[in-house]
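> Protein chains in written order, with the numbering used here: chain A, 2 to 439; chain B, 2 to 439; chain C, 2 to 439; chain D, 2 to 439.
Warning: the hint list may mix true and false statements.
Think about it this way: if two alpha-carbon atoms lie no more than 16 Å apart in a straight line, the pair counts; the simulated EDC-like pairs of lysine to aspartate or glutamate are [to be verified]:
{"#": "1", "chain 1": "B", "residue 1": "Lys83", "chain 2": "D", "residue 2": "Asp152"}
{"#": "2", "chain 1": "D", "residue 1": "Lys179", "chain 2": "D", "residue 2": "Glu194"}
{"#": "3", "chain 1": "D", "residue 1": "Lys299", "chain 2": "B", "residue 2": "Asp387"}
Some residues of chain D that are not near chain C, with every Cβ distance over 12 Å (derived) [said to hold, decoys possible]:
{"#": "4", "residue": "Lys83"}
{"#": "5", "residue": "Ser138"}
{"#": "6", "residue": "Glu146"}
{"#": "7", "residue": "Lys149"}
{"#": "8", "residue": "Leu155"}
{"#": "9", "residue": "Asn181"}
{"#": "10", "residue": "Asn189"}
{"#": "11", "residue": "Glu197"}
{"#": "12", "residue": "Gln201"}
{"#": "13", "residue": "Ser205"}
{"#": "14", "residue": "Gly230"}
{"#": "15", "residue": "Ala233"}
{"#": "16", "residue": "Gly275"}
{"#": "17", "residue": "Ala296"}
{"#": "18", "residue": "Gly362"}
Hints in this document: simulated from the structure, not taken from any laboratory. Glycine included, each C-beta is placed from N, C-alpha and C at the ideal position.
Protein chains: 4
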Amino acid sequence: MAATSTPGMLMTTINSCLSSSRNRVMTSTANFSAEHKEASWTRLTSSSHISSRQPFFQSFTSGNVKFQKVVTRAVSGAAEYKPLPGLPVDLRGKRAFIAGIADDNGYGWAIAKSLAAAGAEILVGTWVPALNIFESSLRRGKFDESRKLPDGSLMEITKVYPLDAVYDNPEDVPDDVKANKRYAGSSNWTVQEVVESVKQDFGSIDILVHSLANGPEVSKPLLETSRNGYLAAISASSYSFVSLLKHFVPIMNPGGASISLTYIASERIIPGYGGGMSSAKAALESDTQVLAFEAGRKHKIRVNTISAGPLRSRAAKAIGFIDMMIDYSSANAPLQKELSAEEVGNAAAFLASPLASAITGAVVYVDNGLNAMGVGVDSPIFENLDIPKGKELQDIERPTMVVVKRAFLNSLYEWLVKRAFLNSLYEPLAAAILLQVF
Amino acid sequence: MAATSTPGMLMTTINSCLSSSRNRVMTSTANFSAEHKEASWTRLTSSSHISSRQPFFQSFTSGNVKFQKVVTRAVSGAAEYKPLPGLPVDLRGKRAFIAGIADDNGYGWAIAKSLAAAGAEILVGTWVPALNIFESSLRRGKFDESRKLPDGSLMEITKVYPLDAVYDNPEDVPDDVKANKRYAGSSNWTVQEVVESVKQDFGSIDILVHSLANGPEVSKPLLETSRNGYLAAISASSYSFVSLLKHFVPIMNPGGASISLTYIASERIIPGYGGGMSSAKAALESDTQVLAFEAGRKHKIRVNTISAGPLRSRAAKAIGFIDMMIDYSSANAPLQKELSAEEVGNAAAFLASPLASAITGAVVYVDNGLNAMGVGVDSPIFENLDIPKGKELQDIERPTMVVVKRAFLNSLYEWLVKRAFLNSLYEPLAAAILLQVF
Amino acid sequence: MAATSTPGMLMTTINSCLSSSRNRVMTSTANFSAEHKEASWTRLTSSSHISSRQPFFQSFTSGNVKFQKVVTRAVSGAAEYKPLPGLPVDLRGKRAFIAGIADDNGYGWAIAKSLAAAGAEILVGTWVPALNIFESSLRRGKFDESRKLPDGSLMEITKVYPLDAVYDNPEDVPDDVKANKRYAGSSNWTVQEVVESVKQDFGSIDILVHSLANGPEVSKPLLETSRNGYLAAISASSYSFVSLLKHFVPIMNPGGASISLTYIASERIIPGYGGGMSSAKAALESDTQVLAFEAGRKHKIRVNTISAGPLRSRAAKAIGFIDMMIDYSSANAPLQKELSAEEVGNAAAFLASPLASAITGAVVYVDNGLNAMGVGVDSPIFENLDIPKGKELQDIERPTMVVVKRAFLNSLYEWLVKRAFLNSLYEPLAAAILLQVF
Amino acid sequence: MAATSTPGMLMTTINSCLSSSRNRVMTSTANFSAEHKEASWTRLTSSSHISSRQPFFQSFTSGNVKFQKVVTRAVSGAAEYKPLPGLPVDLRGKRAFIAGIADDNGYGWAIAKSLAAAGAEILVGTWVPALNIFESSLRRGKFDESRKLPDGSLMEITKVYPLDAVYDNPEDVPDDVKANKRYAGSSNWTVQEVVESVKQDFGSIDILVHSLANGPEVSKPLLETSRNGYLAAISASSYSFVSLLKHFVPIMNPGGASISLTYIASERIIPGYGGGMSSAKAALESDTQVLAFEAGRKHKIRVNTISAGPLRSRAAKAIGFIDMMIDYSSANAPLQKELSAEEVGNAAAFLASPLASAITGAVVYVDNGLNAMGVGVDSPIFENLDIPKGKELQDIERPTMVVVKRAFLNSLYEWLVKRAFLNSLYEPLAAAILLQVF
C-alpha cells in the first residue's frame, strides 16, 4: 500500500479509475473472520505477556466495550505522567492514527515507531487488500525485529483498521469494489466509517499521520498522463488527507497535530516522478497551509508536512527510479549520507509533539538538504570544479540497471491479476511486484 | 463558465460532479443549426467588409475546404511580415487558441484582445452551454465596444469552438450529459475533438491560452469540501490544462507558447477561496514547471502561468469575495490602483511572444505586487504606523516616527524624575518630552 | 545586546558605523578585573556547591589549565551516557556556544535553556558593553528565576565570553573602539580570539547558535537607509554568522549543528522592519543554504535557521513595532496564541540534535503559522467574511500607544551618552533604553 | 566593471576593500580633459549628422545650458507620439539611466539596446576607471556593430556619466581613491552627484536600470570569505541599488520603473558563486520587494528584478565558472538553447514599459527555465532514464521505459521459476521476459 517507501514514490500502480470498476487503492480481505481475529488476538496477548508488555496488536471488530478502559486511559492526557528527564519529545497519553502502513518498511512504519518511542499509542490504517498480509505478518512475528524501539521494547500497535482512503463513505463505493473478493471480507473501511470506529473504540485521537500516496501512472510523463490517472493520484494522495482530517477533526483533542509526507517534485521538476504525482504533492503542500488555518483556528490543531528524500526500502530496490534518486542525493546533497526512515520518523514525532507547538502550515524538509541545491554537482560539466565530494562516496558500487519496457511490466501485472495469483501473494518479492513495480 | 473574471475566482457555481449527471463544466447548445450559422456567417462577412477587415467571426461546422486559404496564410509564419517599428510584441502570423471565453469581460477576453492587437489570429473555445449566448452576442454586435483594439480596429475571432475541457474524448461523456439539451445541439466539443477540428481547420496553432477554472464548492472551506467538489475543481481547473496542452502539442509549432491563469491562494492562505480551488491552482503552478520541461525539451514549447490579482467584472460584482479582494488589494498592494484585465492581457501577450523566448516554467505575478506583502497594512493594529497610504496622504509631512507604549514613556518619565535627571535636561529635550510625549 | 527579543526586531540603535569610531555592536566592560573575576568565580563556586550543582557561571581569563578536566569530559561525547527513556532531544555530552545573550529574556536565552535542558553544556558570547551588567546580574541571582529548567534545576552557564561579532580579529578594531572605556576593560573579544579562547578552554564545541542582530537604522524605511546603516546591519546580523561559523568550524565536532534566527521580513514586505534588516535576514537565509553545503560536505556540520515570530519581552514592551507585530500575529495567524521564547528554544534544540540529522539548509518557521497567510484577515475589509477569529482574542486589551518623533529619542539617547549616564545604567528600564529603543 | 556578462557573475577581481585604500569598485580616468571631450563631441556631432541622426554620444562636462532643449523634449512625455501599430513595448518619451555599462557586451548593454529600440532615451553610468576606454571605443565606432537596433539604426547614448556606485557622496570617498589617477581626472561620480548632474542635464528620468555587481572574493567559498569581501559584495551589488533608487526617486516621473539583475544562486546553492555574491543577490531580491512597496506607495514607481541565466560574453570566456554554467544550462534547462543578452534586454524593456504596469516587487526568471529544475538531468546517475535530451535524440523512438535493477529481475525470474509459474506464461509475455529483460 501507498507511500511506504518515499513520499510520493509511487507505491502501487494498481489502476485506480475514479469511476471505473476494476481496481481500488484500498480495501479489505475476505478471509479475515472475526473468529480468526479473536484467536490471533488471544495468541498475541499471550505472547505479549511473555515480553511483559501490552499486546502490540489488537484487531477487534466490534470492540466498543473492550476498549472502554483504554479510552479512559487515553483521555486522561499527559498531565498525569511523571516528567521525563531532559528535553523529551513527549507524546505519552497521546493517541496517533497512522494512515498508510502496509509493511514494516517505509516512512509510515518509521513514523509509527518514533511516535511509539515518544509514548504515543498507535492505531494504524491499512489498505484493505494489504490488510491480510500485514496482520498475519504482525501475528507471526515477522516484523518483530522492525518493531524494536530504542529502549529495546517492541512497538505496540493497539489496533489495525482496514482503510481505503479513496472512499469517504459506503455510498461512494462502486458495486464492483464491494464485490471484489479482496474487499468483501472487510467492512467499515471508508474514511467516515474508520473514524466512526475509532471514535467508538477510543473516543478521540491526538495525532493524525497521512502516509498515503498512489499514482497509477507515476511512470508516465505528465504530458502522457490520462485524466483518470491524474485524478486518481490527486484523490489518493491529496484529497485523502483532506478527507481524513475533515473526519478526524471532530474527535481530535485541541493541541493535536497532523503530519503528511510530500516530495520536492511538487516544487521543482523531477523527471520520472510523473502521472500527476507531482501535482498531487503540490496540492497537498498547499492544502497543508489552508488546513493549518482552518483546523488551527477552529480546533487548535496543527498541520504540517514533511518533504522527505527518497528511501531505500525493499520497494525502492525494485524500482530503479527511487534507487537513482537515492544515488543522486548521495552525490549531490549537502549531507552525503543515505536518508534513513528513522530520520523522517523522528522529525514527525517532533512536529506532532508540544515541542513544535508554534509550527503549523509548514513544509519541513528532511532530505539531507538536497532541496536547497541549485545544480547537480555531479554533472560531468563540473568535473573540474573544486566541489567537496565526500571521500567515502567515490567508491560506491552501483548495481547494474536494466531498462525494460513499461508495457512488459504492465502485461506481467495483468497476467498475474488474470490468474488470481495476486490474492495469494504475500512473499516480500510478490509484495514488491504488487505494490511497487506497477 | 470558467475563470473569466479572475484566475480562480469562481465563476460559476454550476454544480459539476465528476461522475454524476446533472451539470457539466462546458458544453454546446442544441439550437445552433448549421443553417442558422451559415446565415450568420454571411451576414458577418458582409459587416466585416464594411469595416474593410476580414470577418471577425467564422463559425463553420465542417469548414475544411473553406479554410484552406486561411491555413495557407497561417502556416506561412511571421517571417514574411515587414518589421514593425520599435520593440513590438509581434505575434503576426501566429494563431492562438484561447480556451475559456464566454463573454467580453474577464481575463480570457482581455488576453485574446492583447494577442489580437499583437497580430495573432484568434480561435476561441467556449463552454458548450454558454456558446449560444456568446455567439449571438458577438453577431449582434453586443461586444463591439469591447472588441476595440488600440489601433481602433475591432478584434476578430476567426472561429469559436464549443468546448468542455472536463471531457477528453466522446467516450468520457456520460449519457446524461449527452442527453442534456444544452449539450445535445453541439458536437465535437471534447478536448480531443476540438483539437482535431482545429487541426482540420487550420493545421496548427502557436499559442494556447488556458483561462478555465471551476470549483463547484469554492465558497466552502477546504475542511468542508467534498471529494467530488475537490476533484471537480482539479479536473476543470488543473487537468484541463494538461489535457489541452497534451492534445494541442502535436499541432503546435516549435517556438510556441502556452499561458494559464493562477492565483496566489495556491501559495498562501486566502480564506474564502475554498472548495479545493487553492489546491487546483497549486497543482496548476506545479504542472507549469513540469510541462515546461516536457514540452520544452520535446517540442520547444514554452509554458508559463500568470498569477493575477482579482478583477472587477460583472462576475466579480456578483461574488462578494472578489469585490473584497479588490478592495483589499487597493488598500494593501504596493501599487494602489485597481488591476485591469488589459494588464493581464498584455503580460500574456508578452509571454507568448518571441520577446519572452527564454522565459518558461515561470509564475509571473500581475497583481500590483500584492503577493509580496507580508502583512495586511490596513490592519487596525497598524493604525498608528507610518505606512504610506496613497496620494491623499502624501502632503502630510511626517517626521520619522516610532511607536512606543505610553506605559514605557511613563516609566521613563518616572525613572528620570526619580533620579532627578529631569531637572538637568536641557530645554529642547525637556520640551520635547513634555510637549510631545506626555 | 542584539536579537534578544525577536529575530531581527531591532535590538540596539547604537550607531554602528563600519569604519567610524563611536559605537560597537559588542564589547567588554573595563571594570571587570581578573582579580574581581577570580573572586566572583570563587564565590560562585561556593554557592553552586550549596545547590549541589556545578558552578553556573565561570568566567576565566586564562583558564587553559583549569579547564583540562572539562575538556576531557566534553570530548568524550554522548556515547557513554545511559540512554534516556522515550524519544529525547539528547544533547548530553554536547557543548554549545550561544552568541548573543545579554539578559534573561529573548530567544538567545531561551535557546540556551532548551539546549541545557537537553543536556548540553552552555557557553555564552555576550556583547562587550553588556557584559558587565549581564555577569553581575547572573552573579546576584537576578536571573535565577529565569534559569529554572523543566526538571527544577537551574541552567548552568559554563563560561561567558565577551564578544563583538562585528570584528574578526584585533587588527580590525579601530583605535577609538579600543580606547572606548566600555571595551577597554575586556580583551580577546573579536571572533577569532573568542574561538581561540574556547579552543583553549574546551577544545571543541558541537553546537553554534547565532542570536545576533543589529540594525542601527531599523526604524528607517529602506529608501531612507544610509549605506553605513545598511552595511552595519549586514555586518552585525549576517556576516557575523559567516564569521562565527568560519572560525568555529575547525573546532566543531562532525555531526555538529548551527542555528541562527531570521524573520519573515526577508521574504515578504513588513513595513517597519527597515534599515536593511530585511536585507540582512535575506542574506542570512541564503547563507544558511550555502553554508549548509560547504560545512556539510567538508565537516558534516548542519546549518539551519529559525524564522521566528515576534516575542513579547521587556524589550518588546518598549518598542511599539514589536508589540504591534505580536498583536498582528494574534489576530491573523492560524494559531491565535502568543509565541513564547521557549517554543523557539525547543525548535532550536531539536534542530541541533541527532533527531534532525537529515535537516540542513532549512528555514524552519516557528511563528504560529503566520508566514503562510496570504492576507491579513483582520482587515476591516473582511469584517463580514466568516473567518474564525478565536473567541478569547476578541477581548484583548490593547495598550495605549503613542507615536513620538524618532528625533526625540535620538536626542534623548545622545543626551544620556553625553552625560555619561549610560555606563551606570543597569536597571531594566535603562537597559531597555540603551538596547532596545534607539 | 561589474556584472556586465551575467547577473552577479563576477567581472572584475579588482580588490575592493571597504575601508582600505587601494582599490575601488568604480572611478574615473585622469586623462580625459575637457578640451579633449569638446573635440570629440564636435566630431561626433558631425558624424551623426552624416547618418542623419542625433549624436549618439554626448559627454558634456557642464552642459546645463546645452541640454535645455533636450530637457524640454524629454519632459514632454509619450503623449504626443503617434500610436505605434500592434502591441508595442512603447518607451518613446521615456528617459532611462542604465548604471553599469562599460563595454558592448553584457546585460547592461543589451538592456540599453532594447530600451532604445522601444524608443527610450539612453543615459549611461560607467564605472570611473572604465570610462575612458568605453568612451573612446564609442567614439571610434568600435561598438557600431553592437549598436545596431532591429530597425537598422544605431542606438544613441545621450550621455555617459562616470559613476562609482560604492560612494554616495564626495565625503564618502577616501583620500587614496581621490588621489588615484584613474579617478582623479573625473569628477562628480558619486551617486548623489551623478543624480544631481542628471537632474541638471535632463530634469527627470523614467527608468532606472541597475546592472552592477562586484564581489572581490567571488571565487572563494562563503566559508572562506572575509568580512571586507562580503561587505564589498553587498555594498557594490545590493546597496548600490538602494542608493541609486533613493537618489533617483525624487527625479523619477510617476509611473516610472526600475530593473536590476539577480541570479538564482541567491535562492539555491550554486557552488562556485561565492564571496558573498549569493548573499548580495539575496539581499537585492528582498530589497526589490521592500522598495517596490516604498517607491510604489509614495511615488508610483515599480521595482522588479530579472533573474537571468549565465551569458557567454568576453568576460565569461575568461571565467571558467560562467562557461560551465552555460554548458550546464544547455544540458539541463527545459529550453536547451543558449541564453542571449537580447532576451534579457527584451524582458527588461517589457518590465519597464506600461505593458507591465501591474508587475512590481517581482523576480522574473529569464533563464530558459533552469531555475525550475529539481535535479541535474545530465547526472551520470540518470544515464538510463528516458529524459528528452534535445533534437538529435528525437528520432529515436523509445517505448515508455522503467529502470529496474537487474537483481530484482533476477529475483523475480527465480521466484517465478521456483513456483513453476513460468511454464504457464503465455508466449508473448515469456518472450518479453526472455528476450528483453534477461
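> Against this structure, judge whether each hint is valid.
A quick look at each hint next to the structure:
1. Lys83(B) to Asp152(D): holds, 11 Å
2. Lys179(D) to Glu194(D): holds, 15 Å
3. Lys299(D) to Asp387(B): Distance of about 12 Å is within 16 Å: holds.
4. Lys83: Fine: 37 Å to the nearest Cβ keeps Lys83(D) off the interface.
5. Ser138: At about 31 Å from chain C, Ser138(D) clears the 12 Å cut-off, so the statement holds.
6. Glu146: Consistent with the label, Glu146(D) stays out of reach of chain C, its closest Cβ about 38 Å off (over 12 Å).
7. Lys149: Given a closest Cβ separation of 38 Å, the condition holds.
8. Leu155: holds, 36 Å
9. Asn181: holds, 18 Å
10. Asn189: Consistent with the label, Asn189(D) stays out of reach of chain C, its closest Cβ about 18 Å off (over 12 Å).
11. Glu197: holds, 17 Å
12. Gln201: holds, 22 Å
13. Ser205: holds, 18 Å
14. Gly230: About 10 Å separates Gly230(D) from the closest Cβ of chain C, which leaves it inside 12 Å; violated.
15. Ala233: violated, 10 Å
16. Gly275: With a cut-off of 12 Å, Gly275(D) comes too close to chain C, as the shortest Cβ separation is near 8 Å.
17. Ala296: Violated, because the least Cβ-Cβ distance between Ala296(D) and chain C comes to about 7 Å, which does not exceed 12 Å.
18. Gly362: With a cut-off of 12 Å, Gly362(D) comes too close to chain C, as the shortest Cβ separation is near 7 Å.
Hint compliance for this structure: hints 14, 15, 16, 17, 18 are broken, all remaining hints hold.
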